[in-house]
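In the working numbering, the protein residues as written are 1 to 277.
For the record, the hints were derived by calculation from the structure and aren't laboratory data.
Cβ atoms here follow ideal geometry from the backbone N, Cα and C, with glycine treated the same way.
Check the hints yourself; a few may be wrong.
[As the list claims (entries may be wrong)] Below, a list of computed lysine to aspartate or glutamate pairs in the EDC-like style, where the Cα atoms sit at most 20 Å apart:
#1 Lys255 with Asp267
#2 Lys32 with Glu70
#3 Lys110 with Asp89
#4 Lys143 with Asp176
#5 Lys260 with Glu63
#6 Lys166 with Glu87
#7 Lys243 with Asp176
#8 Lys98 with Glu201
#9 Lys243 with Glu200
#10 Lys141 with Glu108
#11 Lys252 with Glu224
#12 Lys41 with Glu67
#13 Lys103 with Glu120
#14 Lys86 with Asp27
#15 Lys211 with Asp267
#16 Lys115 with Glu144
#17 Lys62 with Asp89
#18 Lys35 with Glu67
#19 Lys187 with Glu108
#20 Lys143 with Asp118
#21 Lys187 with Asp176
#22 Lys230 with Asp267
#23 Lys255 with Glu224
#24 Lys255 with Glu63
[Said to hold, decoys possible] Simulated restraints, written as ranges between beta carbons of each label pair:
#25 Gln42 with Arg182: 45 to 55 Å
#26 Tyr54 with Ala241: 47 to 57 Å
#27 Ile221 with Lys17: 22 to 32 Å
#28 Gln39 with Ser107: 16 to 26 Å
#29 Ile248 with Leu52: 42 to 52 Å
#30 Phe3 with Trp228: 12 to 22 Å
#31 Lys253 with Tyr54: 24 to 34 Å
#32 Thr72 with Gln39: 15 to 25 Å
#33 Thr2 with Lys35: 31 to 41 Å
#34 Asp226 with Gly204: 34 to 44 Å
#35 Lys261 with Phe3: 22 to 32 Å
#36 Lys6 with Ser65: 45 to 55 Å
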Amino acid sequence: MTFKQKLAKATSISAGKLPSSYQIVGDVLLIKLPKLKPQQKQKIGQVILQLLPYVRTVCEIKEVSGELREPTVSTIAGNGTATVHKENDVLYKIDVSKVMFSKGNLSERKRLLGKIKDGETIIDMFAGIGYFSLPIAKFTKAKEIISIEKNPTAYNFLTDNIALNKITNIIAIQGDCKIAARSFPAKANRILMGYFPGTEEFLGAALWMAKPGCIIHFHNIYPEKDLWKKPMSQIDEICSAFKKKYHIILRKKVKSFSPKKWHVVIDFSGMSLLTSR
């Protein structure tokens, strides 16, 4: 019997109104319940606590919005939204009502680990609570990771997580990466741009921080009809404006973001001065 079927049977709510998936972060379960009344949501929360004894709190997540990617979350059963999530032996202290955690990017975090070379200087322009920075610091021989985060709440969790994982080679910076970039001209061997939508607005700052040969991991959201013309034209336009030549290493869909929209990543390298075009 599926999770949805178990919920339907235990709550007497039509399966058509119930979600088939959920996300567990630490001991907090996040679920979307847009079609239900408050009493139904509370009933579902209580049933989930009975079905999944390792879950302490059940929360409804409605959206993640704004420049700082802040979640709208309400507790429907249990109590407490602060937790510690473990993923591949990395610990993430987090409050799911204050900052987001995307387990859907796990494959991308794993992929990156296999790409990083010994001695690299890496700049994580949108570090959050350390989604990419922490596993890189723990499992590679990168020289240093400069982790920039604008959201002060996420930054505080980032510094807590650096200490929690006993990491010594992350430099955490709280602030706007466009401004922070001025302090790191031609600094990075690799740049992570794990923010969307609107990532292209920060590409100029990334190019400023890139050494010749730097690899940029550019994440963004695009309608399916715009793949791959729009992202390629954005990269080309901005690199041309900065007189940088580049070449594409990889472009791939990471996951579906919404109907007919995709979270994609494009890896590209070069960053040497453009002599002719």
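These are the hints, each one checked on the structure:
1. Lys255 with Asp267: holds (16 Å)
2. Lys32 with Glu70: holds (16 Å)
3. Lys110 with Asp89: holds (12 Å)
4. Lys143 with Asp176: violated (23 Å)
5. Lys260 with Glu63: Holds - the C-alpha atoms of Glu63 and Lys260 are around 18 Å apart, at most 20 Å.
6. Lys166 with Glu87: Holds: Lys166 and Glu87 sit about 16 Å apart, inside 20 Å.
7. Lys243 with Asp176: Judged against 20 Å, a Cα distance of about 24 Å means the pair is violated.
8. Lys98 with Glu201: violated (25 Å)
9. Lys243 with Glu200: holds (16 Å)
10. Lys141 with Glu108: holds (18 Å)
11. Lys252 with Glu224: Given that 20 Å is the threshold and the Cα spacing comes to 12 Å, the pair holds.
12. Lys41 with Glu67: violated (29 Å)
13. Lys103 with Glu120: Violated, because 26 Å separates the two Cα atoms, which is more than 20 Å.
14. Lys86 with Asp27: This hinted pair holds, its Cα atoms lying about 10 Å apart.
15. Lys211 with Asp267: Measuring from Cα to Cα gives roughly 15 Å; hence the hint holds.
16. Lys115 with Glu144: holds (15 Å)
17. Lys62 with Asp89: violated (29 Å)
18. Lys35 with Glu67: violated (27 Å)
19. Lys187 with Glu108: violated (24 Å)
20. Lys143 with Asp118: Roughly 7 Å separates the two Cα atoms, so the pair holds.
21. Lys187 with Asp176: With Cα atoms ~17 Å apart, Lys187 and Asp176 stay inside 20 Å; holds.
22. Lys230 with Asp267: At roughly 15 Å apart (the allowed maximum being 20 Å), Asp267 and Lys230 satisfy the hint.
23. Lys255 with Glu224: holds (12 Å)
24. Lys255 with Glu63: With Cα atoms ~17 Å apart, Lys255 and Glu63 stay inside 20 Å; holds.
25. Gln42 with Arg182: 45 to 55 Å: holds (50 Å)
26. Tyr54 with Ala241: 47 to 57 Å: holds (51 Å)
27. Ile221 with Lys17: 22 to 32 Å: holds (28 Å)
28. Gln39 with Ser107: 16 to 26 Å: Between Gln39 and Ser107, where Cβ atoms are some 38 Å apart, the hint is violated.
29. Ile248 with Leu52: 42 to 52 Å: holds (43 Å)
30. Phe3 with Trp228: 12 to 22 Å: violated (36 Å)
31. Lys253 with Tyr54: 24 to 34 Å: holds (32 Å)
32. Thr72 with Gln39: 15 to 25 Å: holds (20 Å)
33. Thr2 with Lys35: 31 to 41 Å: 18 Å Cβ-Cβ, so the 31 to 41 Å window is violated.
34. Asp226 with Gly204: 34 to 44 Å: violated (21 Å)
35. Lys261 with Phe3: 22 to 32 Å: Since the Cβ atoms of Lys261 and Phe3 sit about 26 Å apart, the hinted range of 22 to 32 Å holds.
36. Lys6 with Ser65: 45 to 55 Å: violated (31 Å)
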